[in-house]
Every structure is written in structure tokens, then in C-alpha cells.
Amino acid sequence: MPTLYKLLTALLALTGCAGLLLTGEISLMMSSGAVALIPGYYRFFLGRQPAPVYVIGLLSIIELIIFLVDATVITGDVFIAVAHLTIAFQALKSFDLKEPWDNLQVYFVSLLQLIIASELTSSLVFGGVFVVFLMVLVAAMVLSHFLKEGDREAGLMRKPVYLISGLTLLMTCLFFVLLPRTPYRFLGKSHLKNIHTTGFSEQVDFASLGSITLDPAVVMRVEMEKDIPGPFYWRGHTLDHFDGITWKNELPRSRIRKQAGEFLIAPYQAEQTVEQLITLEPMDSEILFGLSEIRGIKADSFFLLADSAGDPSMPGKTSRRVRYTVNSLLADRLPGEARDRYLQLPAGNQRIAGLAAALVRNVRGNELKAKALEEHLKRGYLYSLTIDAPARGVSPVEDFLFRTKKGYCEHYATAMVLMLRSLGIHARVVTGFLGGDRNSYGDYIIVRRSNAHSWVEALIDGNWRRYDPTPAVVLERSGNVLLFWDSVAMYWARHVVGFSPADQKALFGGLRTGLLKLSYHFPAVKIPSIAAGLYYAALLIIVITLVFVCLVLIRRRAGRVSALTASYVRVRKALSARGLTVTRSTTSGELSAQAQTFPFHEGLSKFLEHYNARRFGRAGADTSFPGGIAPVLKQIRKK
Amino acid sequence: METVLQGKSATIKMAVVTLLARGHLLIEDIPGVGKTTLAFALAKSIDCSFRRIQFTSDLLPSDILGITMFNQETRSFEFREGPIFSNIVLADEINRTNPKTQSALLEAMNEKKVSIEKNTLLLPDPFMVIATQNPIEYQGTFPLPESQLDRFMLHLTIGYPTPEYEKQAVLMQDSFSLLEDLQPVLSRQEIVGMQREVDSVFCEDSVVDYLMKIVAATRDHPAIRLGASTRSAQFFLKAVKAHAFCEGRDFILPDDVKQLAPLVLAHRIILKTRKYLADAEMLVREMLEKIPVPM
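Residue numbers (this note's numbering), protein chains in the order written: chain A, 1 to 639; chain B, 1 to 295.
Treat the hints as calculated values from the structure; they're not laboratory data. Hints are supplied without guarantee of correctness; some may be wrong.
[What the hints assert, rightly or not] If you want the footprint, here are the derived chain B segments under chain A, 3+ residues with CB under 8 Å:
hint	segment
1	82–95
2	285–295
[Stated by the list, open to error] Derived DSBU-like pairs (lysine-lysine); straight-line CA-CA distance at most 35 Å:
hint	chain 1	residue 1	chain 2	residue 2
3	A	573	B	213
4	B	113	B	13
5	B	290	A	606
6	B	290	A	573
7	B	13	A	606
8	A	6	B	113
9	A	378	A	226
10	A	634	A	226
11	A	6	B	13
12	A	638	B	118
13	A	298	A	98
14	A	98	B	290
15	B	290	A	634
16	B	213	A	606
Glycine residues also receive a C-beta, built at the ideal position from the N, C-alpha and C atoms.
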């Protein structure tokens, strides 16, 4: 077996396993068997004997038992357990590669691994792994075909391998453009790990306090049509009900009216708003973010909901990446209705109410009162991410206000809302994200989990106004390399994983516009419509496929010569086994001369004569070979 | 021919191949192993005229080509044809004569015509020169320059016969009387016809590629100073075709190429170190073992 072939098999097994491991979704402990691939293929390269059958059999049974336990107890997920099983299989198979069929099994399982991996991740690295896999797989398949044909000439093989690999890549690209990605996943259920943001949550829960780490993971990337100055308040969720420990959203929700393909929360004039194209990473949440105050949304969904505070959300939680466009009105104050729910207070709020009253004793007017409270919180308290849990029975807000005087945004926002409410001012907590890094490589804003924030909205003189009592905190910016990498990942997610029908339309539209511009100079050329263009592209693929198939068929016909060569190679092998010197430079005449003394000489020389005439003689020469090659081979092999 | 030159069928075959390919033969061997016998037998068996020129250091070009003499009776100049005007010419010990005479012969070989004064005279068809060279004695010789060696299609060594054949040869009657008894098997016209047929032998592409690979290999071998020329490749293919024809085929095989390669190429390459033809022949054989045969 040529080294190249061995190498490709090893490479395929390794790519398959690497593809799975790189997703980071499978258990490292359960897939530790992958380590065995290295000694396995090392032995394979050295040409050692495969492991004894009983060892392989025993290990297979153990593997199966582990799989059952894995699927039911350890991970409890059949899908992940299958992923573990494939890795174990690859490891085991590396010790048991005997026949070409074994190699094909390796190919098949590594393909399976890649399909599983594609379900588990959509990251850029996986894309690279997949391209490598594709090339290697095609090369290996072509090579195995040639090996079957018996053509061992490396030079002969290399060209078709490159050619077919290139063709496959081209076809993949064509299919990529022609078949846009749909939101539906291949195996129905998404196995993406649910991401729970450390900073943002739908409800603020002071019962689970502890140290919060600043997670740099990206939550969303925003492309904005206009350059507007910050700070950016990415509004997510409005919280109205606080029971002393937990904030909740109990606002009524309703479906958003859809008008001309856009979900309209409130009517707006396009020139007053800012359009944002948002790519939301999987968050396991139904909330849609946008600059405050969201007016309209364009999203790929049947319907959207909005609560009475005007915050949109999807009909259900999703673990997918979501792309949508938001139009937001950036205004200082927005008219709102006074509802009793915005005055709700938890029991035992007297101490906070007292503090509030004391702070605004000399202040007249709600606006100034709110300002005073905001200033007080900003000045007199420390921002900290490490908060000790309060003593039993003590309200966490009181603990923050009167004892520790340290807290993070949620403490500040809660304290301010409670104080405002105790003063009779309608107020609510808003959670979302603040700021974000501008990535100049792709000209978009990256919002990370560490950007999570809560702030306050108060209803003053019939208008909701935003207050942010949290002292400003300087966050470290990422380095250029990271920003560049992020822009590549963004591009990947946006244009490759998320290649949507709209993108396809835009691509063809752009192509058509270009052609139209070009055709200006050639009036005789008619440019087809997009639909016709798609049709032509599909036609092109079909034609290429047909031509390819025809070529293969023609090759098959012309392949009689190559079949003849294959039998010649078989004869050579058989002669070599009988002890004749058969090298690459041995001619048929030399074979015949060497075989003088053997009993099979007559049959052999007849075959060689036939071979020579067919292979090197004029085309169409009458050269039938009665009886075929089988009896000749049998004669040669007979001792 | 087998009767006069026993045990040397391969050598005879190569001589016939050269004849059919319209080439010339260079035989390099020690005296007394049958070079002359081979040439004479070949001429006899195809009903052709045969002349032998013993090359000596004082031989002049006119001794080969002929001279123009004044005829007293007709009172005009007349051309007396030299020994070269015959079908098969044996140029014995060609390296003994001076370069001037050598090149006169070689020019005639190449162009198949002789220019004397204003007249151009065609040489008979078929025309073949069999030149012999003694590889041992170098004293007082003028080794042929490479450009002239190039004009010989094949280069052969005869070698000593095997002991059994040698014994027979010793016991047998004088080989010249045997030669006298040889009857022609082919007429001159038939030879010319066969030469034409050789031209139409079919050459499959991969075999030609194989041939070109071998020629190219002589050019970048580390031990070779100068590889084979393009003319060598042309001669090579011609010889291969003739060989295939002799084997009764109308197409060439890698076998033909491989068998002829040492004979065609050895005298056309210049080695860096040693200068014997046998060394070059060895080298070509070594090279052949490294070049894959088309399958």
C-alpha cells in the first residue's frame, strides 16, 4: 500500500476526531481514547501486523458497553454518546487496518464525525477543518479507486487527484451559492451548548450573589448605518416587579403588528431613526436587543412579541444565532403612561424610603429629585464585582445602601428605582448592554457579556427618562489581533454560516447590476433576471455534472486499455510472487525470457503478445484473447 | 549467415536492423572475431555489391571516392569510381587513417552521395557502411571525433564466441569458402522495399515517450559530460522501428527500445572519466534500470 494512501487515511481519521474535539462540546474524558490514534497509526506506517482479532473483539464489546452507559448515565445524550463512540471506533480501527475496506470504514466514520461536529458548532475553525477534510477525502477516494484499477504509478495518480479535488471544491462553492442556509437544522435539535450570560439575565436575582467574572465572550455584533456618538445603551428587558430579592418582568405582552415586512412597535420616520444590523450570538433567550428606543424590527420570523414597555422578543427561546435589523429612535425623553405597577414596592422598604426622603428634602420637582438620587449613588458608593452575601434576613439592597456601600450596576439601579418609587415617582429597571468595542476591521461594534448593564428609567412629566446611577467603569479594550480575528469570525458567521436567501438575492442582484453596467457597452447582450440567472446557474451545475459523467463513461470505454494494463499488473505481481525479478523497468520481453523454464511459459507469452498488440499496436487491430486472463493467472500461481 | 558466424545471432540481427533502418554500423572489437566475415556475409546474402577498404595511415580520400583520369582514347576526363560505390562497404580499422580521409567517408555516409569536382554522384541504394575499430591499439591511430561517431546508427561488439562454437569454428573449414557458398536470400529491390515498410511501423505515444526519457536521462546523468543529441533520438527511433520489423511486428515495443538503447547511445555520450565504449554501455544499461517502462 503506498505511503500516500496510508497518510491520507491517517489524516482523515485525525481530521474527523479533531473536528469533533474542536467543537468543545464533547467530554474530554470520554474521548480520551483519541490518544490511541497516534501509536495506532505509527504502527500502521511502520507496516506492523494489525492487533490480534480477540483483542479487537474484546475492546469492541467494552466500547459498546461504555457507549450504552454513556448514552444513559454519563452524558445522557445519545447524540454526544455517538460522538464519543466514533472517536473510540477510530482509535480502535487504527490498530486494525488490514484491507482496503477498513480504510473505507475510516473514511465513512470520519465523515460521520464531521456531520456530528457540524451540528455542535458553527465556528470558523470548523470551516477550516471541513475544507481540509473535503480535500483529503476526495484525494483518498480517488487514490483508492486507482489502487483498485491497479495503476500504481504515482505520477499518473497525482494529476487526477488534484483535478478532482479542485473540481469538488468548485462544485461545493457553486452549491454553497445556490443553496442558502435555512434556519432549520440538519438533525432537528440543536446541540449547541446553552450560553448563560454572566452579566445579563432576564431577571435580576440578588439571592445568587457572589463574585462575577467579566466574560469577554461576544454577545452581539452591530453594524450601524450612521456614525452616532455613544454611549450606546443596548436595551434588552424592562423589569417592573421587585419582591425584595428578585426583579421580574410582569408586563403584558402582545404580538407586534407587521407592516410591509417590518414589525412596527410604534410608527416612526426613517430619517429620525438609526438602523442597526444586529447578529446575536446564541444566548438561550428570546430577548431582542437594540438601541433604546426600538421602533421597528425586520427579522426572519413569523411573529414577534413586545411587552408594554416596548421591548421586543421572539416567540420562544432560541439557541441559534439570530440576525435582525432594528430601527431605533434616539431620544432623551419618550412619552409614557403612568401605571401603578411602576410604583410597586417590596415589603419592608421603610429604611430606603427614609433615605430617599432625606436626600430630596430640599429638592423641588421630580426631575431634580431623580437627579439628586442619581448623583448620590454615583458619588457615595463604590463599584465592585465582589459582593459578600448579606446577613440572613437583610435585604441585599439595604445591605448595599447602608453597610457595604459597594455593588454593581444592578445594586445601583435597584436602589435608585426603590427610592424613586418610595417618592411616588414611576420608575423601572432596564437591563441590557452598555457600550461595546468598535472594530475598525469590519466597521461594527462588538458587544460582550462584560458589557452587561442595568440602568433606571423614571417617568417624569409624562416622559420616560434614562438615569444611570452606576459610576463609570473603564473596561480594557481588546488588542488589534483579537479585533481582527473577531472580524474574520464575524465575516464567517455572517456570510458563510448565515448565507441566507436574502444574501443570495443580493449576490445575484449585485452580479446582475454589474452585468447591466457592462452590457451598457454591448447593447446586443440581454441580461437575464435574477430568477433566470438562478435557473442558468442550476443549469450550469447540471451541465458540468453531465459532462463529468460523460467523461467518466468515455474513460470507462477507453478504459479497456487500462483494464488490460490492470491484468498486466496482476500478471506481473503473480510472476513476482513466483520469484521472478519484476521492477518498474522490467519489460514484457524480459518477463517472458525469465519465464522460459516455467511450465506456464506458453500461456504467459500468449498473454504478453496479446497485451503488447493491444497496448502498443495500432488501434482496431484484431486482437482477441480467448479464455481471458484468469487461467493464465491460475497457471502462474500454481506451484 | 548463421553458418558462417555461429553463435552470434544477436549481432547478425543488429546488422540487419541497421541495414533496414538505412543506418551505418560501427563494430568495435579485437581482430579475428569475425568482423569482416559478418560484413561480407551480410552483403552476400542480400545480393549486393561489397567492397572492403583497409584503412591505413597513408590512405587518401581519392582512394575511397575515386579519381578523375584523362582517357587517352576518348580524349576526355573520366571518373573512376572508388570502392565506396558499392552497396555495402567495410571500412576496416577506420581509426588508423588520417582525419581527412575519415571525414571524406563520413560525409559520403551521411549524404549518400559523393561530390567530386563539379559532379555529384549518387551512391547506390541500399548503401551501408560497416566500420570497424580496434579498441586495444591506440598507438598511431586517429580516434573518430564525437560528431562523426554520431553518424553511426549502431555500435556493436562481437566478442569471443562461446567455447563450443569456437571449437566448431576451429575444426570447420575455412570460413571464406563457406562465404562463397552463401546464396542470396533477398534481392536488392526487396531490401529497398523493406526499408520503406520499416518507415511505416506504428509508434505508440507512450513508447516514444519512454525513448525520449532515456535520451533525456543521458543528458543529466552526473557521470556524463555530453548526452545524446536530437539526431541520436531520430536514429534511435529508426533503429527501434527496424528492430520491431525484424521481430515481425508492425508496432514498436518498450522491449525494442530497451534492447537497442545501449547500442545506439553508448558511442554518442562522452563520459567524464573513462573513455572506453564498454563503460558507456554499462552506464546506459544502469540508467535503463531506473527508467520505468510504460505499462
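Consistency of the hints with the structure:
By the rule of at least three residues with a Cβ nearer than 8 Å to a Cβ of chain A, the coverage given for the segment 82–95 of chain B is violated, with 0 such residues. Residues of the segment 285–295 of chain B with a Cβ under 8 Å from some Cβ of chain A number 7, which satisfies the need for three, so the listed coverage holds. Of the pairs offered as hints, the one joining residue 573/A and residue 213/B holds, with about 25 Å between alpha carbons and a cut-off of 35 Å not exceeded. Between residue 113/B and residue 13/B, the direct Cα distance comes to roughly 27 Å. Compliance with the 35 Å bound is thereby established for this hinted pair.
Under the criterion of a C-alpha separation no larger than 35 Å, the hint pairing residue 290/B with residue 606/A is consistent with the structure, at around 27 Å. Taking the CA atoms of residue 290/B and residue 573/A, the gap is about 19 Å. The hint holds against a cut of 35 Å. Straight-line distance between C-alpha atoms of residue 13/B and residue 606/A comes to about 23 Å, which keeps the hinted pair within the 35 Å bound. Of the supplied pair hints, the one linking residue 6/A and residue 113/B is violated, its CA atoms being roughly 64 Å apart against a limit of 35 Å.
Between residue 378/A and residue 226/A the CA atoms are separated by roughly 31 Å; this keeps the pair inside 35 Å, and the hint holds. Restraint check for residue 634/A and residue 226/A: not satisfied, since their Cα atoms lie roughly 82 Å apart, outside the 35 Å limit. As the CA atoms of residue 6/A and residue 13/B are separated by approximately 48 Å, the hinted pair breaks the 35 Å bound. As the CA atoms of residue 638/A and residue 118/B are separated by approximately 74 Å, the hinted pair breaks the 35 Å bound.
Distance hint between residue 298/A and residue 98/A is unfulfilled; the C-alpha atoms sit about 57 Å from each other, more than 35 Å. A threshold of 35 Å between alpha carbons decides the hint, and for residue 98/A with residue 290/B the separation of about 31 Å falls inside it, so the pair holds. Between the alpha carbons of residue 290/B and residue 634/A the distance comes to roughly 30 Å, so the proposed pair stays at or under 35 Å and holds. At most 35 Å may separate the alpha-carbon atoms for a hinted pair to count; residue 213/B and residue 606/A meet this at roughly 29 Å.
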